[in-house]
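> Letter by letter, the chains look like this.
There are 2 protein chains.
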Amino acid sequence: MFKRVVICGVGLIGGSFALALKSAGMVETVVGVGRRPETLDEARQLDLIDEVASDWAVALKGADLLLLAMPVGQMNAVMEAVAPHLEPQTLVTDAGSTKSDVFAAIYTHLKHHLANVVPAHPIAGAEKSGPTAATAGLFQGKRVVITQLPESDPQAVARVREAWAACGAVINEMSPLDHDRVFAAVSHLPHLLAFGLVHEIQSRGNAEQLFSFAASGFRDFTRIAGSHPEMWRDICTSNRQALLAELDAYLTELAYLRALLLQGDGPALESVFEQASAARNAWAEKYLK
Amino acid sequence: MFKRVVICGVGLIGGSFALALKSAGMVETVVGVGRRPETLDEARQLDLIDEVASDWAVALKGADLLLLAMPVGQMNAVMEAVAPHLEPQTLVTDAGSTKSDVFAAIYTHLKHHLANVVPAHPIAGAEKSGPTAATAGLFQGKRVVITQLPESDPQAVARVREAWAACGAVINEMSPLDHDRVFAAVSHLPHLLAFGLVHEIQSRGNAEQLFSFAASGFRDFTRIAGSHPEMWRDICTSNRQALLAELDAYLTELAYLRALLLQGDGPALESVFEQASAARNAWAEKYLK
Numbered sequence: 002m003f004k005r006v007v008i009c010g011v012g013l014i015g016g017s018f019a020l021a022l023k024s025a026g027m028v029e030t031v032v033g034v035g036r037r038p039e040t041l042d043e044a045r046q047l048d049l050i051d052e053v054a055s056d057w058a059v060a061l062k063g064a065d066l067l068l069l070a071m072p073v074g075q076m077n078a079v080m081e082a083v084a085p086h087l088e089p090q091t092l093v094t095d096a097g098s099t100k101s102d103v104f105a106a107i108y109t110h111l112k113h114h115l116a117n118v119v120p121a122h123p124i125a126g127a128e129k130s131g132p133t134a135a136t137a138g139l140f141q142g143k144r145v146v147i148t149q150l151p152e153s154d155p156q157a158v159a160r161v162r163e164a165w166a167a168c169g170a171v172i173n174e175m176s177p178l179d180h181d182r183v184f185a186a187v188s189h190l191p192h193l194l195a196f197g198l199v200h201e202i203q204s205r206g207n208a209e210q211l212f213s214f215a216a217s218g219f220r221d222f223t224r225i226a227g228s229h230p231e232m233w234r235d236i237c238t239s240n241r242q243a244l245l246a247e248l249d250a251y252l253t254e255l256a257y258l259r260a261l262l263l264q265g266d267g268p269a270l271e272s273v274f275e276q277a278s279a280a281r282n283a284w285a286e287k288y289l290k
Numbered sequence: 002m003f004k005r006v007v008i009c010g011v012g013l014i015g016g017s018f019a020l021a022l023k024s025a026g027m028v029e030t031v032v033g034v035g036r037r038p039e040t041l042d043e044a045r046q047l048d049l050i051d052e053v054a055s056d057w058a059v060a061l062k063g064a065d066l067l068l069l070a071m072p073v074g075q076m077n078a079v080m081e082a083v084a085p086h087l088e089p090q091t092l093v094t095d096a097g098s099t100k101s102d103v104f105a106a107i108y109t110h111l112k113h114h115l116a117n118v119v120p121a122h123p124i125a126g127a128e129k130s131g132p133t134a135a136t137a138g139l140f141q142g143k144r145v146v147i148t149q150l151p152e153s154d155p156q157a158v159a160r161v162r163e164a165w166a167a168c169g170a171v172i173n174e175m176s177p178l179d180h181d182r183v184f185a186a187v188s189h190l191p192h193l194l195a196f197g198l199v200h201e202i203q204s205r206g207n208a209e210q211l212f213s214f215a216a217s218g219f220r221d222f223t224r225i226a227g228s229h230p231e232m233w234r235d236i237c238t239s240n241r242q243a244l245l246a247e248l249d250a251y252l253t254e255l256a257y258l259r260a261l262l263l264q265g266d267g268p269a270l271e272s273v274f275e276q277a278s279a280a281r282n283a284w285a286e287k288y289l290k
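Residue numbers (the working numbering), protein chains in the order written: chain A, 2 to 290; chain B, 2 to 290.
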């Protein structure tokens, strides 16, 4: 049970965390902090949060838990701002989609507080963002990856695990480096590719004609191109080394497919498609309900 | 009303066409023809078709309409086989996802029958295939692109339009060249990219770990990688000129994104993501219910 939870960035993730903790009866008061007063007002009206604070000293007074749920590009500035106001007992966790950069920010700004810092990443994106997209069930059955520091106190880790478990999440632990490589491959690269495809098409003279014939394949392939531009700018720049490695591996794959197309090599194309199709269907069988 | 409709390839598309015509009361007898007796038996048991024929002379005797719904790589062989058995009144249409190659096959094999040939492409894919995937409602509200020949008889075009309209489809007309360029961009390229992504990931030593952290973004982006390998082999080789042009345009886009990542150019990445996100959301607003 938490008495006072402070959430910085009350959008899809922060708002859903608040709702989930509330509906699990795990929190007394949720305080929202953020850049945009309109967003905080909206979150207050939607009962995601109980209080709005515009001052870190006020927000963090007596806080059990601080969740940093804004785009990762703001981690440095926010950690610097909160550092002087953290009380010894306040747990700090985050919902950043990248972890190496969050670690760097932590060791720069929260050196005095490391025992109570437990970074995490809930794997529950959506192409919708903002407080109105928040739901109490967003994390139900979803994974949360905890990337604890060597300095994280085991009790702090246990409390942060409890909070995410109360949201219905399944918890895994990973190193920040492994985390960033894995998500570059299965999340960040697909987002970049989907943004790129739509960006390329919308720039054409006949974009309207093209869009008018796009069907369900296009719909699903590009769903993630509707994602939050600033959030994805921050993820791509924060994790750019791992993402570049993934992009280069993919460009090698595309160069191979291009050669097969150029040669009209049907059997080799079919073999690629068969391996992909078998792997995709096995994945769906195992991981989709 | 059709008395005898013959369908070559009773899978998702052919089977759904049969079911839709039946439920609209537009057909008396549907005859199935295909390579695999098991598939035809299955289609018969599912009541997609009323008769199975293993001989074109028998199948086409008294036929009003022949739908060619097998993968486009078989168009030449099937047209060559049916040509001697077509009765003067038999309309010929197809469901091929590419059109320039279908035109070439028509002018090679059906020269004596051009007035009654009306090529078409129903835009209603699914990652599922085979007779069990067929539904009467598959084409409801979906587009069908008709690419008539200069020689197509207007009455033949009207009858083929009627058949697809009875399936609930919205009909458009295009030239085969425009058709192939448009679908290379909004369908064939996304399929190739999704196949490529899954193929690349499944070849890794840590594929299992990667797949285990793949979430909803990956799920939707790669749905079409579960598509029918042979069908997509044929589409990619048949339409490879247009597809190569699209792939090259996309590779240019990726080279640009790669440069932005390498430079860590956040503002330029955000601008790309904003344009893509705005275009994707406008598309969804306009075309998705």
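It should be emphasised that the hints constitute simulated quantities derived from the structure, not laboratory data.
A hint or two may mislead.
For chains that are exact copies, the list does not tell them apart, and a pair is met inside one copy or across any two.
[Unchecked claim] As a list, the in silico DSS-like pairs of lysine-lysine whose alpha-carbon atoms are at most 30 Å apart: (1) Lys112 <-> Lys287; (2) Lys4 <-> Lys290; (3) Lys287 <-> Lys129; (4) Lys287 <-> Lys4; (5) Lys129 <-> Lys290; (6) Lys112 <-> Lys4; (7) Lys62 <-> Lys23; (8) Lys62 <-> Lys290; (9) Lys112 <-> Lys62; (10) Lys112 <-> Lys129; (11) Lys143 <-> Lys129; (12) Lys62 <-> Lys287; (13) Lys143 <-> Lys290.
Just so it is clear, the structure is predicted and the values come from calculations on it, not from any experiment.
> Look at each hint and say if it fits the structure.
We went through each hint and held it up to the structure:
| no. | hint | verdict |
| --- | --- | --- |
| 1 | Lys112 <-> Lys287 | neither (41 Å within a copy, 50 Å between copies) |
| 2 | Lys4 <-> Lys290 | neither (36 Å within a copy, 43 Å between copies) |
| 3 | Lys287 <-> Lys129 | both (26 Å within a copy, 17 Å between copies) |
| 4 | Lys287 <-> Lys4 | neither (39 Å within a copy, 46 Å between copies) |
| 5 | Lys129 <-> Lys290 | both (22 Å within a copy, 16 Å between copies) |
| 6 | Lys112 <-> Lys4 | within (25 Å within a copy, 81 Å between copies) |
| 7 | Lys62 <-> Lys23 | within (20 Å within a copy, 70 Å between copies) |
| 8 | Lys62 <-> Lys290 | neither (43 Å within a copy, 47 Å between copies) |
| 9 | Lys112 <-> Lys62 | within (20 Å within a copy, 85 Å between copies) |
| 10 | Lys112 <-> Lys129 | neither (35 Å within a copy, 53 Å between copies) |
| 11 | Lys143 <-> Lys129 | both (17 Å within a copy, 26 Å between copies) |
| 12 | Lys62 <-> Lys287 | neither (45 Å within a copy, 48 Å between copies) |
| 13 | Lys143 <-> Lys290 | both (12 Å within a copy, 27 Å between copies) |
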